[in-house]
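Asks: One letter stands for each residue in the lines below.
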Amino acid sequence: MKFLSRQEELLLLSILRLRENAYGVPIRLHVCDVTDKYWSIGAIYDVLDRLTRKGLVSTISGEPEKKRGGKSKRFYRITKQGVRALEEVRELQQKTWIDISMPSLKNR
Amino acid sequence: MSSKKLAPPPLAAWLLKVIASSSDYDPAFGDLVETFEYIAEKEGTKKAKRWFWKEVLKSLSGFLKNRTHRSAAMIKNYIKIAYRNISRNKTFTLINTLGLAVGMACFILITLWIQDELSYDKFHTNKDDLYLLTIIHPNSITDPNVPYALAPRLAEEVPEIAHFTRIYSLGSIRTCTFKYQPSQGMPVMYYETNVDLVDSSFFSMFSFPFVYGNAQTAFRDPHSLVITERIAAKYFGRENPMGKTLTLNNQEDLIVTGVVDIPSNSHLQMDFIARLPNRLDNDWNWRDPSYVLLRGNSSLPDVKDKIRGALSRHSPYPFADTLKVDVLPLTRVHLSFGRRMYVYIFSVIAVFILLIACVNYMNLATASSSNRVREVGLRKVMGAKHQELIQQFLGESVLMSAIGLGLSLILVRIGLPLINSLTAKQLDFSLLYRHSMYLYLLGLILIVGLVSGLYPAFFLSSNRPAETLKTSSPFKAKRSSFRVVTVIGQFAVSVLLIACTAVVFQQLDFIQKRPLGFSIDHVLKVPINPILLNRFQSYKNDLLQNANVLNVTAGQSVPYEEDYKTSGVEWEGKDPEMSPNIRYSIVQSDYMETFGMEVMEGRSFQSGSFADMRNYVINKEAAEYMGMQDPVGQKLVFWGTTGTIIGVVNNCHHVSLHREIMPHIYTIYPRHYNALKYVFVKISSANVPDTLEYIKETSMSYAPNFPYQYNFIDQGIQTLYQSEHRLGRIFSAFAFLAIFISCLGIFGLASFTAEKRTKEIGIRKVLGAPVSHIVILLSKEFSRWILLANLIAWPIGWYAMSKWLQNFAYRTGLNPLLFIFAGLLSLMVAALPVGYQAVKAAVADPVDSLRYE
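Protein chains in written order, with my numbering: chain A, 16 to 123; chain D, 248 to 1100.
Since the hints were made in silico from the structure, they are not lab data. In this text the structure is predicted, and so the values were computed from the model without any measurement. Don't take each hint at face value.
Claimed, not checked - List time: in silico SDA-like cross-link candidates among lysine to any residue, alpha-carbon distance up to 20 Å:
1. K82/A - E288/D
2. K52/A - W298/D
3. K293/D - V104/A
What the hints assert, rightly or not - Some but not every residue of chain A turned toward chain D, in silico, with C-beta under 10 Å:
4. L33
5. R34
6. E35
Just so you know, even glycine gets a beta-carbon here, dropped at the ideal spot from N, CA and C.
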């Protein structure tokens, strides 16, 4: 089967890390934080939608909030398939990196 | 308060909602708002708003992609269907594209015009620091002219002023001749009017591009002269003008030190620019503008504070403390003094005409929806989503608007020379070949496409598939109130424009037919020169030798544009506090006779009488103004010279009818003769060519070294109302376009109604209804709409035109008949397409319409 992309992996991991609070705003902040790059909200949702479509996450709608212009939050939970897909990439990562000795950057 | 401040930019939020209309995107929107508030709190609202916009724009492509990701086959199908629809309904396609093209062409043309208006004086390097000095009168009228002595005083007092320049319009107070003597051959000489003297800092303040010479060297010498390219060609042909000598009034030799190109979008338009002598530094007369250049970092309010009271501090006027000195940014000068209104009016008209065209599309698309209801139903059954259908229809309307734009560019190309002649501008098609214009045109396509397509898209896609597919005849003759409202709106705008055009022309007619108080027929205007002035009496006598020369006099200006005002008048019983405002004319004897002015009391100036030199003639208004019951014989002091009033003439319109008749004094005092600019010769209508030849020969024999030219002054009066003529013509063009597009739309609608009711008409005819009956049946509804449109348009037009007429001191009353005329005209014009369709439907053979049952 196809492996997760780096973006998908990143988002799944941040959903796991955020537990109960995994919705758009904190997910984006977290991703921006770890990658040290600017992510637009659209970019986050692009990946989230893909994950949802693949069935790797499930969604729960919260209550509409006045603070959010009357819109509800959408919380994300990782599904069993999601966990499996994450484990696959971790395994792959470990396998592929084993015994790799990197040439030093300085000498080149 | 605070919650309002924290709202995200409404336009961006709206855009997002339109593009991402599905509720799937609610959480994302919520996230946006939440983060927006967070940023607003931390880094300020401004930054947050910018961030919001960036986010929305970035996400748009993503949203669109998500929603348009369907196979290319589907898009191909859309295109195919669109093509079929276009080619099936040829009439409606034609109406739509033609309407859109005309509307867009109109919009583009007006945009070009407005762009040109806004571009005035922006080419100066110092444009942001250049200001025009103005004087604000107690009645809050802003006067662009200031005393000559003001600018130098201000420059001494206010350190922020880096440079100043005054414009002394020599050509408007004195006749100017320029002579060029080539090394061999005849001298070239002409009378010139656009002659201005300026301070030496002129070219370091304004950056007019030099064709020859440069700004640094142009005014090094006091006898320098800078001319425009046109003048260089006029005097020197193809020769290099630099260093050539032009003689001003046969007295002063000026050396051409530069040739400049004065762009047409400069509000300063001058042909000859020479240096101003310093003697004006104590001249507190005001007739001309002055400009100042402020240092880059000066604070404008500070400067305004410092200069406000300058007139009361320095000027000798007793009433100076009521006048405030102010500055006006150079880039705003062109649009101040009345022009801004036209920019607003035309922008509004442009938008309305475009809207009328969009409305056509909406109405025709919704009216023809019956043809597509089944298509929509079938698509829905096959799984098309609401939004997908909306996109399909929006795509179609954008396609139509793109085709319309293509056509409109052709129309713009054709229409540009027309617009140029209407507005006296030189707009060029190449103005459109710019990146910003490409974006603008693209935006125009999208906006027109969206505006005209949005309503039909929602309308069409909201049908329920079950109903549309179930019934055998999918269309019910449901009257759409939206359509009624829009058609009424279209015609209201058209009627409004027609009524405005009619009022403008009526006012023009009124001012042209109004008796001016003097006659200008067969009066010749010959520019005066020093020789003619010195030997005026014998010149006059020689001219009168010819029996066809009836009268000869001289004056400052043609009588219908003599706007010279003074406060230097005293009379018995005058309130010493009062600062009078009186027009004056410096003339020669026989002035009243030449222009056929009516002497009401006393007499006019006697030719050759020395006693009359100190005497005055006043007009009726002046007698009332000065409160004189019996003015003849009373004493009057004009500019310090005491004299007697010898006569009262009837009031004359010495300026355009925009302004009131004012108290007026006529004087022939020789000390003022330098102000005389023209000889006026009244000739009889018999044997005009010979008389003209005689006058020419006599003048040439007196002053062979000066050029001779003449005009009949009745020709010049047209130019007084040029801008009103222009307005009238532009309005009529717009009114024509508006009613044209509206009629296109109503033609389409009428044909649809007729088509929809084919069967009904057939049955009616079978049952014996006459053709006339059916025509009335079909036209009744439209007539009602147009009548309603009139009811809306009339009060608006009435209000707008009474405002416009207030520009004139003398104006025609608003005639209700004009509005009724506009209404009838719109009704008649609309009756053509409606009637055509109605008759067509009515005379059709009922067998055809009923056969297929």
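Asks: Would you mind marking each hint as holding or not holding in the structure?
Replies: Okay, the hints, checked on the actual structure:
For a cut-off of 20 Å, the pair hint linking K82/A to E288/D stands: about 13 Å separates their Cα positions. A C-alpha spacing of about 16 Å is found between K52/A and W298/D, which places the hinted pair at or below 20 Å, so the restraint holds. Simply put, K293/D and V104/A have alpha-carbon atoms about 43 Å apart, too far for the 20 Å limit, and the pair is violated. For L33/A, the suggested interface contact is broken, since its CB lies about 14 Å from the closest CB of chain D, more than 10 Å.
Taking 10 Å as the C-beta cut-off, the interface hint given for R34/A is violated, the closest approach to chain D being about 18 Å. Given hint, E35/A at the interface with chain D, is violated; its Cβ is 16 Å from that chain's nearest Cβ, farther than 10 Å.
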